[in-house]
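Enquirer: Sequence lines, in order, name chains H and U.
Here the first sequence is numbered in my numbering, starting from 48 and rising by one per residue.
Here the second sequence is numbered in my numbering, starting from 130 and rising by one per residue.
Note that these hints are calculated values from the structure, not bench results.
Predicted, not measured: the structure shown is a model, and the values here were computed from it.
Even for Gly, the Cβ is constructed at its ideal location relative to N, Cα and C.
Where hints are given, some of them may not hold.
Cβ pair distances, simulated, as ranges [stated by the list, open to error]: (1) H:V89 <-> U:D248: 43 to 51 Å; (2) U:A164 <-> H:R103: 50 to 58 Å; (3) H:V89 <-> U:P578: 48 to 56 Å; (4) U:V148 <-> H:S101: 30 to 38 Å.
Just a sample of chain U residues kept apart from chain H, beta carbon distances all over 10 Å, derived [as the list claims (entries may be wrong)]: (5) A424; (6) T427; (7) P629.
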Amino acid sequence: MILSARHLTLGVALAGTLVPHWWPALRSPHEGPLHYTLGLVVAVLALAVWAARSRRATGSGNRTPV
Amino acid sequence: MRCCSTGSRQGALLDVFVVLLLWGFWLAFVWRLTAGRRVVLWDTFRDMAWAENIRAGRIWSDPTHPGSSWWYPPGSALLNAILSHLTGWAVADLYGYSAMWLNGWLPVLLYLAVRQAADRTIALVTLGTVLIGSFTWLTHAAAAIPSFQGMAFNLLGLMCWQRCWRPGETHRGARPAWLLLTGLVLATGAWFHPLCASLLAGAILFHALLAGKPGQVLKTPRPRGQPIWTGALSIIGLGLLLSAPLAWHLLRLHTQSPELARFFADELLDPAYYAQASTPLVVPAGLAGVWIIVARRTELLWTVGYLLIGLLGLAVGYFAQRPGCELPFLLPHEFLWHAQLGLGICAAVAIVEAARRWASHASEPARCRQRYPLILAALVTATVAPGLRGSSQAGKYLIDLEPLLAHTTELRAWIGANAGLDDVFVCAPDVGYCVIAGLTGRKCVAVSPGHSNPALDIRARHDDVRTMLDTDRPEVLEELARRYGARYLALVTQPGDPRPVIPHRCASRPVLQTVFRARDGSAVVYRLNCYQATQP
């Protein structure tokens with residue numbers, strides 16, 4: 048498959064965080080910052096969940112346990 | 130530090146050298162901003178007023194309005210009052226120079242907190258991604274306010290938190306002394322600024338929940354020590370216990386009068402602040418760092434927790450601004466500071482990781498070693514260097530104290546010699562906030578909005594002060610002055626204004642008696658003859 052779930056997550060995360068820099072409509076008072084922040088929250092959560100699944104799958108998370 | 134204790138003595142010495150270098154850089158940076166002059170933020174006058182009161186033995190009362198209870202965490206004022214008592218320095222001097230002696234701990238502790246869990250390169254790159262990569266950090270790094278200086282306790286707490294666990298022993302073998310110390314730092318941080326401490330507690334909890342395996346620990350006997358999540362709960366429990374009186378008092382006060390905590394700063398609508406628009410590459414680098422940390426660097430999980438809590442607090446603040454949305458929120462601009470601290474650390478992890486991977490593509494180890502610093506420098510430059518364009522604005526919130534101190538020297542000397550700590554002044558709110566309360570600790574009928582006890586009717590007080598200052602009817606002035614137990618009425622010009630004070634319209638009436646007049650005419654103090662010592 049050309050577009051995996053991994054690529055999709057990364058794409059959504061990047062788009063969600065970078066778009067407000069170049070999309071002036073999102074910079075309107077209150078709405079722009081809200082969308083941007085929510086985009087970041089979703090991106091962080093998506094990446095964290097993806098990474099945690101990856102860690103479990105590969106058992107690579109305990110290189111330095113604390 | 131753990132990395133040093135397991136590493137060589139040379140490594141530890143190198144870290145000490147880096148810390149000394151950081152102090153040197155910091156002092157040079159602050160000197161460039163201030164030219165050695167005393168600087169504060171607008172909020173600092175609130176804390177200076179309390180520190181003046183604490184020096185006079187008055188801790189648990191409102192430092193600006195008589196007969197009211199305290200309404201702000203006392204940590205900063207207490208620290209400065211104690212230092213003032215020990216050193217003999219004036220409170221204004223300590224606060225005015227605190228960008229040097231207190232804020233300097235922020236880069237140092239940031240380096241040390243990251244150094245606990247990561248190598249020196251990541252810790253050093255973090256300084257760039259946070260202090261330069263975040264415009265909000267760049268413009269607040271020298272801010273003498275508890276909400277920013279309190280982050281030093283967070284970084285110290287995170288440092289101690291990482292010392293609680295021996296390398297390789299995630300679920301057992303907690304060091305009780307370090308658990309205790311982390312709890313004490315958390316509690317101290319709460320007395321300094323509770324919102325900061327709540328971020329620290331949340332980050333520790335997040336780390337423990339994600340790194341620990343509660344189910345497994347519950348089912349198996351513990352050979353020694355405590356598992357990571359029990360350790361985290363112990364720390365938070367201790368912090369809560371020791372800061373319970375503060376939490377109870379502030380929650381009660383701010384629940385009844387939530388206006389102050391619902392302050393929404395203008396900068397939250399500026400992409401330079403909330404979206405790091407001047408350094409846009411920090412954001413994707415930070416997100417890549419989130420993935421790397423959760424997948425492979427679990428020792429830094431607290432960073433992701435810190436980032437997430439900061440973002441959530443910020444998002445709630447934005448939500449609450451929507452029409453018809455009655456969501457309770459709390460100082461979202463402070464959550465922004467914390468979120469960008471977490472994001473900056475994540476970005477540093479990703480940048481260093483990317484440089485290593487890129488360099489490792491070289492066929493020979495020697496070439497890899499040669500390429501790594503070049504690639505790292507290029508990535509750091511691309512990510513962080515655009516932020517340097519904003520360095521000219523690093524001091525944009527700082528207020529130079531020198532003109533105000535010079536302008537009010539005579540007035541302050543007279544107040545110190547003649548007015549009691551509980552004497553109430555009628556004066557313009559800004560004069561009351563900065564001079565009468567901020568520089569002498571005396572009480573005022575009203576000070577600037579946003580820095581008053583939220584339990585009081587600030588609007589009514591402001592209206593009454595305006596009436597008392599403008600009226601030409603002595604009976605009106607008498608009635609209002611009696612209501613607030615006011616003893617003096619002060620008129621002060623702005624620093625730099627060469628014109629003398631315009632006398633009060635009742636100055637020739639018996640209700641006012643001139644008791645002080647500055648030689649340059651910049652200030653006049655009248656005694657209100659209607660004052661009775663028995664007034665509340």
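Enquirer: Each hint should be assessed against the structure and marked as holding or not.
Expert: So, going through the hints one by one against the coordinates:
| no. | hint | verdict |
| --- | --- | --- |
| 1 | H:V89 <-> U:D248: 43 to 51 Å | 31 Å, violated |
| 2 | U:A164 <-> H:R103: 50 to 58 Å | 56 Å, holds |
| 3 | H:V89 <-> U:P578: 48 to 56 Å | 37 Å, violated |
| 4 | U:V148 <-> H:S101: 30 to 38 Å | 36 Å, holds |
| 5 | A424 | 4 Å, violated |
| 6 | T427 | 5 Å, violated |
| 7 | P629 | 44 Å, holds |
In the structure shown, a violation is registered for the earlier hints numbered 1, 3, 5 and 6, in ascending order.
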